[in-house]
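*Asks:* Read off the chains here:
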Amino acid sequence: MILPKIKVLHSHGSQYIPDLCRVELTEEFRGRPILTQSGSHAVLEAAAQRCPTGALSTTPFALDLGRCMFCGECARIAPDSIRFTNDYRLGSPTRQGLVVHAGDTHIAFPTAAVRPELPHLFAHSLHLREVCAGGEGSVEMELNATGNVNFDFGRFGVSFTASPRHADGVVISGAITEQMSEPLAICYDAVPDPKLLIACGTEACSGGLFAESRAINRTFFDNHTPDLWLPGTPTHPMTFIDGVMTLLGLKTRK
Amino acid sequence: MNYTTTHNTASAVRLCDIPTVTYAEFYEDLAAKLSDERYHIAHYFALMEEQSRLRFYCLLLDDHTAEVLITSFTMDYYAENALPSLTALHPQVHPFEREMSERYGVCFGKMPWAKPLRYPFDRINRSQTIDNYPFYAMTGEALHEVNVGPIHAGIIEPGAFRFVCNGENVLHLEIALGYQHRGVESLFTTTDNRLRQLLLAESIAGDSTIAHATAFTEAIEKLTHRTAQFDTERSIALELERMAMGIADTGALCMDVGYQLGQVACEALRTMTINTTQAWCGNRFGKGLIRPAGTNHPLTPQKAVMISHNVAEICGRYCEVCDDVRNAPTLLARFEQCGIVMHEQMAQIGGVGQAARASGMQRDLRTSHPWGTYQHIHHTPITETDGDVMARLKMRFTEVQTSAAWIAQLLDNFTPTEPSSPDYTTPLAASSLAFGLVEGWRGETCHVVVTNSTGAIATCKIKDPSLHNWSALALAVRGEGISDFPICNKSFNLSYCGHDL
Chain A
40 MILPKIKVLH SHGSQYIPDL CRVELTEEFR GRPILTQSGS HAVLEAAAQR
90 CPTGALSTTP FALDLGRCMF CGECARIAPD SIRFTNDYRL GSPTRQGLVV
140 HAGDTHIAFP TAAVRPELPH LFAHSLHLRE VCAGGEGSVE MELNATGNVN
190 FDFGRFGVSF TASPRHADGV VISGAITEQM SEPLAICYDA VPDPKLLIAC
240 GTEACSGGLF AESRAINRTF FDNHTPDLWL PGTPTHPMTF IDGVMTLLGL
290 KTRK
Chain B
75 MNYTTTHNTA SAVRLCDIPT VTYAEFYEDL AAKLSDERYH IAHYFALMEE
125 QSRLRFYCLL LDDHTAEVLI TSFTMDYYAE NALPSLTALH PQVHPFEREM
175 SERYGVCFGK MPWAKPLRYP FDRINRSQTI DNYPFYAMTG EALHEVNVGP
225 IHAGIIEPGA FRFVCNGENV LHLEIALGYQ HRGVESLFTT TDNRLRQLLL
275 AESIAGDSTI AHATAFTEAI EKLTHRTAQF DTERSIALEL ERMAMGIADT
325 GALCMDVGYQ LGQVACEALR TMTINTTQAW CGNRFGKGLI RPAGTNHPLT
375 PQKAVMISHN VAEICGRYCE VCDDVRNAPT LLARFEQCGI VMHEQMAQIG
425 GVGQAARASG MQRDLRTSHP WGTYQHIHHT PITETDGDVM ARLKMRFTEV
475 QTSAAWIAQL LDNFTPTEPS SPDYTTPLAA SSLAFGLVEG WRGETCHVVV
525 TNSTGAIATC KIKDPSLHNW SALALAVRGE GISDFPICNK SFNLSYCGHD
575 L
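Listed in order, the protein sequences are those of chains A and B. Using the numbering used here, the letters of the first sequence map in sequence onto residues 40 to 293. Using the numbering used here, the letters of the second sequence map in sequence onto residues 75 to 575.
No lab work stands behind these hints: they were computed from the structure. Beta carbons: idealized from backbone N, C-alpha and C, even for Gly. Any given hint could turn out to be false.
[To be verified] Derived lysine-lysine pairs resembling DSS-like cross-links, with alpha carbons at most 27 Å apart:
id, chain 1, residue 1, chain 2, residue 2
1, B, K184, B, K107
2, B, K377, B, K468
3, A, K46, B, K107
4, A, K234, A, K290
5, A, K44, B, K468
[Stated by the list, open to error] Simulated coverage check for chain A against chain B, where a stretch passes if three residues somewhere in it have a Cβ under 8 Å from a Cβ of chain B:
id, region
6, 64-73
7, 107-114
8, 184-195
Using the sequences and the accompanying hints, generate a full structural model.
*Replies:* This is the structure:
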């Protein structure tokens, strides 16, 4: 009975990522896009027409990652103007910060936009309550993965907890369905102050494909502003880890 | 009775070629056919036509002949007569009848358990809300109720579970869903942007991205008269998805009984599997991979080697985990004889996928209604007989290994397809019906696309395997200790958003 376990343990070896700040994703990964003010305007218009969520605008030329589905079609139509890189550092402390303009070389993370008490309060221990409000499961699985044997975000004292009473903040995934709008508000209210709020995934940031759906109720954001916006379909675990670490001052961007 | 007979690889059916029968004929024929396990309903839905008439379409699958039988009947939207319900005879009809009565107010006479299904925003009775879901109640001094949800303890989707317990024993579980309703089906009809429709299909259930995207794409290709050229790639992607989720579920079951070694070993293996998908198409869940009549991510020889190498290693290591679990009495004590769903029950509720096969049913679309590559590889359904948590876990063991073997075989004989760009613009055949039937990792995934006279999508009806299998979970926990609910739940691992749409 012990032999099979030894075999599993032996094959498993060591799986954790030694340095979470040095991770590079595969070239294929579609992360932060680079926009260049070149190429034909008509081609760009065609790309904007095809965009499933209206994330791409031509005048001014900008791509809103808060609405982007990262399907990459615009970059195929207008390769001279748009290119997706494998940079997963997509988090921003403001919603406006998710809009990428021509010439941008990174997603800005101005510390002035971060509530000053957050690093002081949560840099050594952060327990989060996740609320899925219309997420289709992929963002949720990626958030689970942040604590798994590979990413092990728990090494920085960041983990997820079951009770909102034990939590320091709420992570929202999904476009916020009508039927989940009230449970979400109740859960958020149950988290004691001081607390932080994270919108995780393109659907949480803007509603994504469901922004226009009548089954969605996003009034929660009328009264509550996230401290961190994380785009992605789904948000890659490294995007989450990088975003939270930057928010808490554990790393700086550029 | 009158049916249009087609099969999973045939082209779209013109609506005028679908016979219209009377409800009495429909009722009589279905009542007889569904008594035989070889038949089950793939989809049954109503669609509003001109002049306030509802046309009801039913797609019936015959597992012996690979046929898909399609028929329809109509009814005046304002008619007040009740249609005799089929649910009492065949519980598998239940979710369909619930959906039609909730959406259009169709009255099914003597339907047992006549409750809303998912509280869609366009339901007929807006005063019915999910907050006042009519849970079944039992009274008695010894009994108590336990409510779980809609928000659960872990990072998972919301849904409300109401247990009626006698002490620790569950007498009854009722599951109220609808919290995840996003209006997916209606969004297919409000846009003519094919890419947007495809991304919607990819977003129906995150863990079944490939299955749903393939089902929708197959339907679209039938409506555009394009033959798929990427069958092998799609099968490889689908089997990778099956491997990833089989491994994830094995790890989750180990976690729920506190077996950390099994959990972390599976976490690492799942990471490796989805990273393989990511190295192929840039997304760990395969978003962006399945596109109509083309692909943006051709399977190059280098990528084929990478996949082949990774799959072999994953499978080898996963087999060691399976071996370990099979030899651990402490784990078997939890998994065996727990959460049993009998074959007969599964057949009645119309269970699909690996959960149904764990109860001894032979139901697998890869065998019964093969499409694409599955027409050539002759998959034999993998079954277990016990119908308990262990049987569903053993299904994962075998399915993961079989998928790995299929991937290896498909890659061995793989010749790269000439790359071609996806087709987002070819007009759809007007006034037609096309379906995509795909055996995803969770089970039968069905998309039915109906177009109107201008070729726009009039409706896209989606059936996720979870629709029927949620009933199986409710049956599984009857008589079990409530503390066994988590492992029963994980052993099914059903989708909330796939059900709620």
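*Asks:* Hint by hint, note whether the structure agrees.
*Replies:* Okay, the hints, checked on the actual structure:
With a C-alpha separation of about 21 Å, the suggested pairing of K184 of chain B with K107 of chain B holds against the 27 Å cut-off. The hinted pair formed by K377 of chain B and K468 of chain B fails the criterion: a straight-line CA distance of about 30 Å is larger than 27 Å. For the hint linking K46 of chain A to K107 of chain B, the alpha-carbon distance of about 51 Å lies beyond 27 Å, and the restraint is violated. For the hint pairing K234 of chain A with K290 of chain A, the CA-to-CA distance comes to about 20 Å; that is within 27 Å, so the pair holds.
For the hint pairing K44 of chain A with K468 of chain B, the CA-to-CA distance comes to about 18 Å; that is within 27 Å, so the pair holds. Counting residues of the region 64-73 of chain A whose C-beta lies closer than 8 Å to any C-beta of chain B gives 5; at least three are required, and the coverage claim holds. Proximity of the region 107-114 of chain A to chain B, defined as three or more residues with a beta carbon under 8 Å from a beta carbon of that chain, is established by the 5 residues found. Requiring three or more residues with a Cβ within less than 8 Å of a Cβ of chain B, the coverage given for the region 184-195 of chain A holds, as 4 such residues are present.
Checked against the numbered hints listed earlier, the structure breaks hints 2 and 3; every other hint is satisfied.
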